[in-house]
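Protein chains: 2
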Amino acid sequence: MKIVSVSGNISLQRDIDSGSEEQRKVVLNIIDDVKENRDKALFQYTEKFDHVQLESLLISDEEIKEAYREIDNEIILYIREAADNIRDYHQRQVKQSWMTTDQDGTILGQKITPLDSAGVYVPGGTAAYPSSVLMNVIPAQVAGVQRIAMVSPPQQDGRLPAGVLVAANELGIHEIYKVGGAQAIAALAYGTETITRVDKITGPGNIYVALAKREVFGVVDIDMIAGPSEIVVLADETAKASYVAADLLSQAEHDARASSVLVTPSKLLAEQTALEITNQLEALPRKEIAEASIRDYGAIYVTETLDEAIETVNQLAPEHLEIMTEQPYEIIGKIRHAGSIFLGENSSEPVGDYFAGPNHILPTNGTARFSSPLNVDDFTKKSSIISYSAQSIQMNGSKIAALARLEGLEAHAKSVEQRLGERK
Amino acid sequence: MKIVSVSGNISLQRDIDSGSEEQRKVVLNIIDDVKENRDKALFQYTEKFDHVQLESLLISDEEIKEAYREIDNEIILYIREAADNIRDYHQRQVKQSWMTTDQDGTILGQKITPLDSAGVYVPGGTAAYPSSVLMNVIPAQVAGVQRIAMVSPPQQDGRLPAGVLVAANELGIHEIYKVGGAQAIAALAYGTETITRVDKITGPGNIYVALAKREVFGVVDIDMIAGPSEIVVLADETAKASYVAADLLSQAEHDARASSVLVTPSKLLAEQTALEITNQLEALPRKEIAEASIRDYGAIYVTETLDEAIETVNQLAPEHLEIMTEQPYEIIGKIRHAGSIFLGENSSEPVGDYFAGPNHILPTNGTARFSSPLNVDDFTKKSSIISYSAQSIQMNGSKIAALARLEGLEAHAKSVEQRLGERK
Numbered sequence: 005m006k007i008v009s010v011s012g013n014i015s016l017q018r019d020i021d022s023g024s025e026e027q028r029k030v031v032l033n034i035i036d037d038v039k040e041n042r043d044k045a046l047f048q049y050t051e052k053f054d055h056v057q058l059e060s061l062l063i064s065d066e067e068i069k070e071a072y073r074e075i076d077n078e079i080i081l082y083i084r085e086a087a088d089n090i091r092d093y094h095q096r097q098v099k100q101s102w103m104t105t106d107q108d109g110t111i112l113g114q115k116i117t118p119l120d121s122a123g124v125y126v127p128g129g130t131a132a133y134p135s136s137v138l139m140n141v142i143p144a145q146v147a148g149v150q151r152i153a154m155v156s157p158p159q160q161d162g163r164l165p166a167g168v169l170v171a172a173n174e175l176g177i178h179e180i181y182k183v184g185g186a187q188a189i190a191a192l193a194y195g196t197e198t199i200t201r202v203d204k205i206t207g208p209g210n211i212y213v214a215l216a217k218r219e220v221f222g223v224v225d226i227d228m229i230a231g232p233s234e235i236v237v238l239a240d241e242t243a244k245a246s247y248v249a250a251d252l253l254s255q256a257e258h259d260a261r262a263s264s265v266l267v268t269p270s271k272l273l274a275e276q277t278a279l280e281i282t283n284q285l286e287a288l289p290r291k292e293i294a295e296a297s298i299r300d301y302g303a304i305y306v307t308e309t310l311d312e313a314i315e316t317v318n319q320l321a322p323e324h325l326e327i328m329t330e331q332p333y334e335i336i337g338k339i340r341h342a343g344s345i346f347l348g349e350n351s352s353e354p355v356g357d358y359f360a361g362p363n364h365i366l367p368t369n370g371t372a373r374f375s376s377p378l379n380v381d382d383f384t385k386k387s388s389i390i391s392y393s394a395q396s397i398q399m400n401g402s403k404i405a406a407l408a409r410l411e412g413l414e415a416h417a418k419s420v421e422q423r424l425g426e427r428k
Numbered sequence: 005m006k007i008v009s010v011s012g013n014i015s016l017q018r019d020i021d022s023g024s025e026e027q028r029k030v031v032l033n034i035i036d037d038v039k040e041n042r043d044k045a046l047f048q049y050t051e052k053f054d055h056v057q058l059e060s061l062l063i064s065d066e067e068i069k070e071a072y073r074e075i076d077n078e079i080i081l082y083i084r085e086a087a088d089n090i091r092d093y094h095q096r097q098v099k100q101s102w103m104t105t106d107q108d109g110t111i112l113g114q115k116i117t118p119l120d121s122a123g124v125y126v127p128g129g130t131a132a133y134p135s136s137v138l139m140n141v142i143p144a145q146v147a148g149v150q151r152i153a154m155v156s157p158p159q160q161d162g163r164l165p166a167g168v169l170v171a172a173n174e175l176g177i178h179e180i181y182k183v184g185g186a187q188a189i190a191a192l193a194y195g196t197e198t199i200t201r202v203d204k205i206t207g208p209g210n211i212y213v214a215l216a217k218r219e220v221f222g223v224v225d226i227d228m229i230a231g232p233s234e235i236v237v238l239a240d241e242t243a244k245a246s247y248v249a250a251d252l253l254s255q256a257e258h259d260a261r262a263s264s265v266l267v268t269p270s271k272l273l274a275e276q277t278a279l280e281i282t283n284q285l286e287a288l289p290r291k292e293i294a295e296a297s298i299r300d301y302g303a304i305y306v307t308e309t310l311d312e313a314i315e316t317v318n319q320l321a322p323e324h325l326e327i328m329t330e331q332p333y334e335i336i337g338k339i340r341h342a343g344s345i346f347l348g349e350n351s352s353e354p355v356g357d358y359f360a361g362p363n364h365i366l367p368t369n370g371t372a373r374f375s376s377p378l379n380v381d382d383f384t385k386k387s388s389i390i391s392y393s394a395q396s397i398q399m400n401g402s403k404i405a406a407l408a409r410l411e412g413l414e415a416h417a418k419s420v421e422q423r424l425g426e427r428k
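These protein sequences, in sequence, are chains U and E.
With this note's numbering applied, the first sequence corresponds to residues 5 to 428, in that order.
With this note's numbering applied, the second sequence corresponds to residues 5 to 428, in that order.
Keep in mind the hints are simulated off the structure, nothing from the lab.
Among the clues, some could well be false.
[To be verified] Straight-line distance between alpha carbons at most 25 Å, and here's what the computed DSS-like set of lysine-lysine pairs gives:
#1 U:Lys291 to U:Lys6
#2 E:Lys338 to E:Lys271
#3 E:Lys6 to E:Lys29
#4 U:Lys115 to U:Lys99
#5 E:Lys6 to U:Lys115
#6 E:Lys44 to E:Lys29
#7 E:Lys291 to E:Lys6
#8 E:Lys29 to U:Lys29
#9 U:Lys338 to U:Lys244
#10 E:Lys115 to U:Lys338
#11 E:Lys29 to E:Lys39
#12 E:Lys338 to E:Lys244
#13 U:Lys6 to U:Lys29
#14 U:Lys39 to U:Lys52
#15 E:Lys244 to U:Lys403
#16 U:Lys115 to E:Lys99
#17 E:Lys69 to U:Lys403
#18 E:Lys99 to E:Lys69
#19 E:Lys338 to U:Lys99
#20 U:Lys69 to U:Lys99
#21 U:Lys244 to U:Lys6
#22 E:Lys52 to E:Lys29
#23 U:Lys271 to U:Lys338
#24 U:Lys244 to E:Lys403
#25 U:Lys338 to E:Lys99
#26 E:Lys115 to U:Lys99
#27 U:Lys271 to U:Lys244
#28 E:Lys99 to U:Lys99
#29 E:Lys338 to U:Lys115
#30 U:Lys6 to U:Lys69
#31 E:Lys403 to U:Lys291
#32 U:Lys69 to E:Lys403
#33 U:Lys403 to E:Lys52
[To be verified] Per label pair, the in silico range of CB-to-CB distance:
#34 E:Leu272 to U:Glu25: 54 to 62 Å
#35 U:Thr104 to E:Leu272: 35 to 43 Å
#36 E:Arg409 to U:Gln160: 17 to 25 Å
[Unchecked claim] Now the stretches of chain U that chain E is said to cover, found in silico as 3 or more residues with beta-carbon under 8 Å:
#37 27 to 36
#38 80 to 87
#39 116 to 122
#40 168 to 176
Model, not experiment: these values are computed from the prediction.
C-beta: ideal position from N, C-alpha, C; glycine also.
Kindly generate the complete structure, drawing on both the sequences and the hints.
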């Protein structure tokens, strides 16, 4: 792994894959087709792209039962415990509606309401993770969303992965459709005979899914466009190189485009970690992927001081940040940008990926500068409440009319003056 | 104004203007040009589109002083009072970071951090409103955003409207640039010699601005893509037709594509309101705009019952909702979708547009189903905090490793087991 001394500006940001014009046209055609031909288009694209002829989009009770036969009972208990932890953490995020009253009779407030419905995209292939089902669905349930629909592309045998079905069923999700790609996003945004449209679509997917989400943004809400995953470890000389290396590799095995970075003022730790990475790589079943990721997107940055290392972390704005220093709590306040912060040597990233409670759907590619882990607020919306009394409009009406006239909006002024006139 | 009896499904939703392919190409070219030629491109596009040759993009102290000479002192006092009200309301939205501790040593939490910087787009022409400056900037300031940059297209005399400059100066905003259109959005997203890039861009604009915001989404965050404005009045037989008509017209004067709708179970109120609209229209300086809006996008829906009227409102999911019924507070709980809710006959929409405190930047075109008024949360982001103790990793490590292996991610399992091995 390459070791680089840094002091100036660096960035993890890879170019956002915004797709080719060709891919965009394909996606626009699929969306138009689904808007027009609805279910029929869904069956056709599923045959074309997933190479399977389905009789029904909706998952049956029998398929759920079959899934349970494939998954170990012990694993099911772990999934339940993880779900409990995730639910507990997210329940602490719930916000209350509030109001404020004034002696002149004015009442102002903010009403918080769950979305009516949400659509969750679960990617297919090797990325079909039961944990992603928990992380997507639970915040929506805690927010109070009444209807949650899940979509996922079928395997060639026409089924969905057993772990995904078990996780969904454990959460009480019954609306599960075997459809993926841009066609699934179009169905969730516009509705078909089988799939009723939703208000918001969350969850990552391939480039066609990302392009489709970007296109339907505004018709429905979407979460962020996900990029490849990344970890930054901030460590000083007290950190164990074997831990640092293992955590960097756990990120690297995800994807050849994943990025694993160590930032440290300790040259010794840098060298030991590089060595450990080479050694630990050998034993990994996904060695090729991890090796390519470390080669192309991995780095060890050595700084002069710990403060410089912290500033480097802020420039990277990583999705996952592990802090393995002598006093990790002294550093939190200086971290301005990070999706999820793991403190101390026992908090390895998989603790948060699966089990601890916080969400693992996180801002990637430097977007932690301005976005957040998926959370309960993402599945609610706010409404302002304004209630003026006769006294408050009498007191303030002429000021409001004057401000309206400054902007040349006479009917605005008159609408207020209607209320004043009668009492003159 | 047309009166329609309704019972089935209705919708305010107009097609989202997603622009032509031609417009999209223009915008992509502008963005590329600004990325490459930076300030030089900004000056060129300003000359081309705004027909003015600037020497400097940054507003000078002299221009601010000049603006103050144009605005009435009384108006400045009203602007200050409005700003105080807006600041007070938004301060009540501020969220605290939190944490939770467990006896096994686990600490979980959520850290809330303001964005480093925000860019505010203030449209030009007749839509250059001082009130929009207050509504855009104050939530960012309350959130704690350190750097706020404002952009707005110059008038042909090379200046910005006095009201806009005064409002900005009252808020202590000094980074004000005379540049608009897609080129301003590109500058805020990618940076130039003069304009440093920001983390988030808010504020409405024309179709080129909307397309540019959509393109840079992901590089920076953006607020919603704004559509034409709308009001729905929900009223029963106790409402005054003259108030209802005046409020519908105050929306209609904004834009020929604005939509003004009355929903009522009272046929009498429907007829009286239609008559009032015809009468009040005559006196309006923006009569042509209001008349076209009422004709093309206005409607009075008459329902059988008040509950049906409420359900119709939910289907419309309006930006502004006025409730003028005998008991408005009994209805709030039934309203699932609305940007801003105005209660009772004294709460006319301009009260919220200018003065009361809640934001006037609201979700349009049915997007109140899933989005919120601009608020303090829009200018902060969250980071999860996960801190496992030696005890908590010992208790849970093997479960986490099992869940990782279920997903085929061996390096994830090993990263946890590194922590268990030593203590065996």
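Checked hints:
{"no.": "1", "hint": "U:Lys291 to U:Lys6", "verdict": "holds (18 Å)"}
{"no.": "2", "hint": "E:Lys338 to E:Lys271", "verdict": "holds (22 Å)"}
{"no.": "3", "hint": "E:Lys6 to E:Lys29", "verdict": "violated (40 Å)"}
{"no.": "4", "hint": "U:Lys115 to U:Lys99", "verdict": "holds (10 Å)"}
{"no.": "5", "hint": "E:Lys6 to U:Lys115", "verdict": "violated (32 Å)"}
{"no.": "6", "hint": "E:Lys44 to E:Lys29", "verdict": "holds (20 Å)"}
{"no.": "7", "hint": "E:Lys291 to E:Lys6", "verdict": "holds (18 Å)"}
{"no.": "8", "hint": "E:Lys29 to U:Lys29", "verdict": "holds (14 Å)"}
{"no.": "9", "hint": "U:Lys338 to U:Lys244", "verdict": "holds (23 Å)"}
{"no.": "10", "hint": "E:Lys115 to U:Lys338", "verdict": "holds (12 Å)"}
{"no.": "11", "hint": "E:Lys29 to E:Lys39", "verdict": "holds (15 Å)"}
{"no.": "12", "hint": "E:Lys338 to E:Lys244", "verdict": "holds (23 Å)"}
{"no.": "13", "hint": "U:Lys6 to U:Lys29", "verdict": "violated (40 Å)"}
{"no.": "14", "hint": "U:Lys39 to U:Lys52", "verdict": "holds (18 Å)"}
{"no.": "15", "hint": "E:Lys244 to U:Lys403", "verdict": "holds (23 Å)"}
{"no.": "16", "hint": "U:Lys115 to E:Lys99", "verdict": "holds (15 Å)"}
{"no.": "17", "hint": "E:Lys69 to U:Lys403", "verdict": "holds (24 Å)"}
{"no.": "18", "hint": "E:Lys99 to E:Lys69", "verdict": "violated (37 Å)"}
{"no.": "19", "hint": "E:Lys338 to U:Lys99", "verdict": "holds (19 Å)"}
{"no.": "20", "hint": "U:Lys69 to U:Lys99", "verdict": "violated (37 Å)"}
{"no.": "21", "hint": "U:Lys244 to U:Lys6", "verdict": "holds (19 Å)"}
{"no.": "22", "hint": "E:Lys52 to E:Lys29", "verdict": "holds (17 Å)"}
{"no.": "23", "hint": "U:Lys271 to U:Lys338", "verdict": "holds (22 Å)"}
{"no.": "24", "hint": "U:Lys244 to E:Lys403", "verdict": "holds (23 Å)"}
{"no.": "25", "hint": "U:Lys338 to E:Lys99", "verdict": "holds (19 Å)"}
{"no.": "26", "hint": "E:Lys115 to U:Lys99", "verdict": "holds (15 Å)"}
{"no.": "27", "hint": "U:Lys271 to U:Lys244", "verdict": "holds (13 Å)"}
{"no.": "28", "hint": "E:Lys99 to U:Lys99", "verdict": "holds (9 Å)"}
{"no.": "29", "hint": "E:Lys338 to U:Lys115", "verdict": "holds (12 Å)"}
{"no.": "30", "hint": "U:Lys6 to U:Lys69", "verdict": "violated (49 Å)"}
{"no.": "31", "hint": "E:Lys403 to U:Lys291", "verdict": "holds (23 Å)"}
{"no.": "32", "hint": "U:Lys69 to E:Lys403", "verdict": "holds (24 Å)"}
{"no.": "33", "hint": "U:Lys403 to E:Lys52", "verdict": "violated (39 Å)"}
{"no.": "34", "hint": "E:Leu272 to U:Glu25: 54 to 62 Å", "verdict": "holds (58 Å)"}
{"no.": "35", "hint": "U:Thr104 to E:Leu272: 35 to 43 Å", "verdict": "holds (36 Å)"}
{"no.": "36", "hint": "E:Arg409 to U:Gln160: 17 to 25 Å", "verdict": "holds (24 Å)"}
{"no.": "37", "hint": "27 to 36", "verdict": "violated (count 0)"}
{"no.": "38", "hint": "80 to 87", "verdict": "holds (count 4)"}
{"no.": "39", "hint": "116 to 122", "verdict": "holds (count 3)"}
{"no.": "40", "hint": "168 to 176", "verdict": "violated (count 0)"}
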